[in-house]
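4 protein chains.
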Amino acid sequence: MKLYKSTLLIFLLVFSSSVFAQEGEPTKPEATETYKPVPPKVVPGKNGAPPSDALVLFDGSDFDEWISSGDSTAVKWHLNKDGSMTVKDKTGNIQTKRNFGSFQLHIEWSSPAETQGEGQSRANSGVFMQKRYEIQVLDNNNNSTYVNGQVGSLYKQSVPMAMASVPSGEWNSYDIIFHAPKFSKGGNLEEPATITVLHNGVLIQDHFEIEGPSEYIGWPKYEPHGKAPLELQDHRDNSRVSYRNIWVRELD
Amino acid sequence: MKLYKSTLLIFLLVFSSSVFAQEGEPTKPEATETYKPVPPKVVPGKNGAPPSDALVLFDGSDFDEWISSGDSTAVKWHLNKDGSMTVKDKTGNIQTKRNFGSFQLHIEWSSPAETQGEGQSRANSGVFMQKRYEIQVLDNNNNSTYVNGQVGSLYKQSVPMAMASVPSGEWNSYDIIFHAPKFSKGGNLEEPATITVLHNGVLIQDHFEIEGPSEYIGWPKYEPHGKAPLELQDHRDNSRVSYRNIWVRELD
Amino acid sequence: MKLYKSTLLIFLLVFSSSVFAQEGEPTKPEATETYKPVPPKVVPGKNGAPPSDALVLFDGSDFDEWISSGDSTAVKWHLNKDGSMTVKDKTGNIQTKRNFGSFQLHIEWSSPAETQGEGQSRANSGVFMQKRYEIQVLDNNNNSTYVNGQVGSLYKQSVPMAMASVPSGEWNSYDIIFHAPKFSKGGNLEEPATITVLHNGVLIQDHFEIEGPSEYIGWPKYEPHGKAPLELQDHRDNSRVSYRNIWVRELD
Amino acid sequence: MKLYKSTLLIFLLVFSSSVFAQEGEPTKPEATETYKPVPPKVVPGKNGAPPSDALVLFDGSDFDEWISSGDSTAVKWHLNKDGSMTVKDKTGNIQTKRNFGSFQLHIEWSSPAETQGEGQSRANSGVFMQKRYEIQVLDNNNNSTYVNGQVGSLYKQSVPMAMASVPSGEWNSYDIIFHAPKFSKGGNLEEPATITVLHNGVLIQDHFEIEGPSEYIGWPKYEPHGKAPLELQDHRDNSRVSYRNIWVRELD
Chain S
1 MKLYKSTLLI FLLVFSSSVF AQEGEPTKPE ATETYKPVPP KVVPGKNGAP
51 PSDALVLFDG SDFDEWISSG DSTAVKWHLN KDGSMTVKDK TGNIQTKRNF
101 GSFQLHIEWS SPAETQGEGQ SRANSGVFMQ KRYEIQVLDN NNNSTYVNGQ
151 VGSLYKQSVP MAMASVPSGE WNSYDIIFHA PKFSKGGNLE EPATITVLHN
201 GVLIQDHFEI EGPSEYIGWP KYEPHGKAPL ELQDHRDNSR VSYRNIWVRE
251 LD
Chain L
1 MKLYKSTLLI FLLVFSSSVF AQEGEPTKPE ATETYKPVPP KVVPGKNGAP
51 PSDALVLFDG SDFDEWISSG DSTAVKWHLN KDGSMTVKDK TGNIQTKRNF
101 GSFQLHIEWS SPAETQGEGQ SRANSGVFMQ KRYEIQVLDN NNNSTYVNGQ
151 VGSLYKQSVP MAMASVPSGE WNSYDIIFHA PKFSKGGNLE EPATITVLHN
201 GVLIQDHFEI EGPSEYIGWP KYEPHGKAPL ELQDHRDNSR VSYRNIWVRE
251 LD
Chain X
1 MKLYKSTLLI FLLVFSSSVF AQEGEPTKPE ATETYKPVPP KVVPGKNGAP
51 PSDALVLFDG SDFDEWISSG DSTAVKWHLN KDGSMTVKDK TGNIQTKRNF
101 GSFQLHIEWS SPAETQGEGQ SRANSGVFMQ KRYEIQVLDN NNNSTYVNGQ
151 VGSLYKQSVP MAMASVPSGE WNSYDIIFHA PKFSKGGNLE EPATITVLHN
201 GVLIQDHFEI EGPSEYIGWP KYEPHGKAPL ELQDHRDNSR VSYRNIWVRE
251 LD
Chain F
1 MKLYKSTLLI FLLVFSSSVF AQEGEPTKPE ATETYKPVPP KVVPGKNGAP
51 PSDALVLFDG SDFDEWISSG DSTAVKWHLN KDGSMTVKDK TGNIQTKRNF
101 GSFQLHIEWS SPAETQGEGQ SRANSGVFMQ KRYEIQVLDN NNNSTYVNGQ
151 VGSLYKQSVP MAMASVPSGE WNSYDIIFHA PKFSKGGNLE EPATITVLHN
201 GVLIQDHFEI EGPSEYIGWP KYEPHGKAPL ELQDHRDNSR VSYRNIWVRE
251 LD
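Chains as they are written, first to last, in the UniProt record's numbering: chain S, 1 to 252; chain L, 1 to 252; chain X, 1 to 252; chain F, 1 to 252.
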């Protein structure tokens, strides 16, 4: 076939749908204004403090929102006087009593100023979305490891875009936007989970499509599930990580 | 067809690919560790201050990174002694000299404590990604308008999930993750632009797929383009909005 | 993080959603039967003859469904006594009076047994879906050309999976499943057109995503459009292609 | 924001990327011609007969390409003198010795002229792609059943677009384009299987995205698998369906 560009040019100058409006396109500004529903008013917090509509999961007062993951008993971690908690080695992971789907999460953590251990054994913990999808917590200051397991990685799936930690002993923040995976009635994966993470304000995970639960050995594989707890890890090996100021805004 | 669940059950207990590993699946943890490339180390800023790898577009010193949009001459807006700039009505939009694709953007803005005007006429400005895709800046404190044009909206396309402004006169922050649209060689839209916005730390736009350039009248329609400037709006009608602490981290 | 496969194994044996039904999954066969709407009964044709619900566009009797493309006047091509039509060089393309969206199309064509010309100049015509998207008609028996322009190509976009022509002078069939592109209100491409072609029963285009209108020069680029005619090409240069038995079943 | 259409119009007339070529767009026809690889030449068959590159699975001579599904022994179905085979009730399904991924399949079937049974019990058989995904074979002439289980359905998932059977006792054809599902290394569904079916030349399944293996009870759920046999069903209840002229062209 042949099509002559010069003819085409003239044709487009006269009739192009890029130049002239689509049939039925509004010609008044009011036509594209919408008035309802009105979004809720939220009073923001300063410097990571919870906004007015957040569910506070930990503010230093108590472990009321948490249980031990293994046996559902009371949390055995340390509740500190400065408003933080610290992992107590070999007492097991802790998780929220509530289940969550998609959410915005703020959480702060620190590792000891006096470091101990090397590689994965220096202040290793983790934040598990829905008890399955882990953002690594680790002290990587002057301490290297496999990059898909370093601080801020979606463990063994997504290397962080940057190593944005503050010095050991100072407080880090993670601001996380997590969307739960979607499954068909029969249990097929329809939409993978996604995660975006700001580490101390630096984008380190950018709408990453999660491949399945974080696996220490082998490849990730989704199994269908509903809402599930947020979980913090006791790595059983120099975990000594502290957490504070944990709040969540549900998105579904 | 008929399939007997009891037989299926036994079959699955013995052979299920969920229970046993996939053929070729690694059985040692080392097999799923990766060591290269090592992500860059970034020193984060505190409270919105630029991280070490950010390109600072405005820190209050000068307009060196900016020009007037209309005629490419020097910026005529006010440079204030407190490290901010203020829109000067009817001098036109300003834009960066540099062009950007996808980026993380931090920008702060405030509207006058003494309010003036109503609806879209109270401290109206806007942040245009690639000179096309606008996040609305507006004083909506005790001031309502169409919700797809209120503060934090992707103008006339996406209502913000919340109205998270601080009181008039105080400083707001926008933390934006923007991905530029992708076009085929011939100019077809292949991937729409996406935008995520935290307004004072509150998620108000959640990976929204932008429908095309922001339009005052009619429907949005993409035209292919490459990298393009960041632009700030002089709305010519009580714009009097101030900006400060603008930095960007390029993602492509 | 660490996860022990042996524990996992036991867990899965007891609780796996692959082994046991999903919550709420039906346990009786009747629960997944549907009774309405009942699909229409269609009496099929034999050997490419139109099924009972087809719209016959050409059966050899007349050109009632067709006009000249250029000036909308009567068709000037040859109406043959054997129930076919033949392109009359330099009288221009012809097109249907009706407009079509998505459809199943059957069309038969033949090129002269006594060949004339070489490459693109040997019996060159084409079938244009919606006047824009061309499946090439060409005599490629012992006659080569660029492969993305040979018989059965989506012209300059998709090489056919096979050259499945019968000898020159015999009748070929194209069975085509075409889906029209979809555009947003503003004119953005939302879904590209797709095409599947069986050439004499051999699959040669397999749900190909069309990149835009077929272009002789340059890259394809979609412009928004609605339903549009089917068009047959007068290539103005040894076109002498004959057509017969043309019918369509609309899919929207 | 405000944008004046009149100014926009002039701008577009001069600079529009729709009117003028994209930067770097070819200006000569030769630039968009490709010459390699040359697609294979295939000699088509007439009226459903196998093309030259097809793998013939059954031509009436023998069962060399088939085994009994249950125990992998010799096929116990009837081999007829007219070049067809007939299901022998309660001898079980039969399947190909070879495994297949994606393919084009031609298969012909007939049900007895003297009908027997009602609903799902009148000449019920089925064609299983990869031993999992069933296109229903059933005599629905003057015999109704649930529509997602009628002739031409993707069993309990997709109602056929038409009931296009010939009268009982005559030969039907199915021309099928099947694409195998794709799974991640870990076994997640990445792309569902798709199927297109022409029943006696009439489109009845149009690139349907299969939801998982065909299930008699409950919802479909994918489990990862590789290439697998084609299977024909002995429904054990008035199956008496005959098959002939079965060939396949592999697409991967």
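No lab work stands behind these hints: they were computed from the structure.
None of these values were measured; they are calculated from a predicted model.
Be careful, since some hints might not be right.
[Said to hold, decoys possible] Coverage of chain S stretches by chain F, computed from C-beta distances (three or more under 8 Å per stretch; other residues unrestricted): (1) 181–195; (2) 219–228.
[Stated by the list, open to error] Dumping the calculated PhoX-like pairs for lysine-lysine here, alpha-carbon to alpha-carbon at most 20 Å: (3) F:131 x F:90; (4) L:227 x L:131; (5) L:90 x L:41; (6) F:28 x L:185; (7) S:182 x S:131; (8) X:76 x S:28; (9) S:76 x S:90; (10) F:46 x F:90; (11) X:131 x X:81; (12) S:46 x L:97; (13) L:131 x L:182; (14) X:182 x L:182; (15) L:97 x L:46; (16) L:185 x L:97; (17) F:185 x F:227; (18) S:185 x X:28; (19) X:88 x X:76; (20) X:28 x X:46; (21) S:131 x S:227; (22) F:185 x L:28; (23) S:182 x F:182; (24) X:46 x F:46; (25) S:76 x S:28; (26) L:131 x L:90.
[Unchecked claim] From the structure, some residues in chain L lie toward chain X, with a derived Cβ separation under 8 Å: (27) 187; (28) 207; (29) 211.
Beta carbons are placed, not taken as given, at the ideal position from N, Cα and C, and that holds for glycine.
Hints versus structure:
| no. | hint | in the structure |
| --- | --- | --- |
| 1 | 181–195 | holds (count 7) |
| 2 | 219–228 | holds (count 4) |
| 3 | F:131 x F:90 | 18 Å, holds |
| 4 | L:227 x L:131 | 10 Å, holds |
| 5 | L:90 x L:41 | 43 Å, violated |
| 6 | F:28 x L:185 | 16 Å, holds |
| 7 | S:182 x S:131 | 16 Å, holds |
| 8 | X:76 x S:28 | 47 Å, violated |
| 9 | S:76 x S:90 | 10 Å, holds |
| 10 | F:46 x F:90 | 35 Å, violated |
| 11 | X:131 x X:81 | 28 Å, violated |
| 12 | S:46 x L:97 | 32 Å, violated |
| 13 | L:131 x L:182 | 16 Å, holds |
| 14 | X:182 x L:182 | 18 Å, holds |
| 15 | L:97 x L:46 | 27 Å, violated |
| 16 | L:185 x L:97 | 26 Å, violated |
| 17 | F:185 x F:227 | 15 Å, holds |
| 18 | S:185 x X:28 | 16 Å, holds |
| 19 | X:88 x X:76 | 7 Å, holds |
| 20 | X:28 x X:46 | 40 Å, violated |
| 21 | S:131 x S:227 | 10 Å, holds |
| 22 | F:185 x L:28 | 16 Å, holds |
| 23 | S:182 x F:182 | 18 Å, holds |
| 24 | X:46 x F:46 | 12 Å, holds |
| 25 | S:76 x S:28 | 64 Å, violated |
| 26 | L:131 x L:90 | 18 Å, holds |
| 27 | 187 | 5 Å, holds |
| 28 | 207 | 18 Å, violated |
| 29 | 211 | 6 Å, holds |
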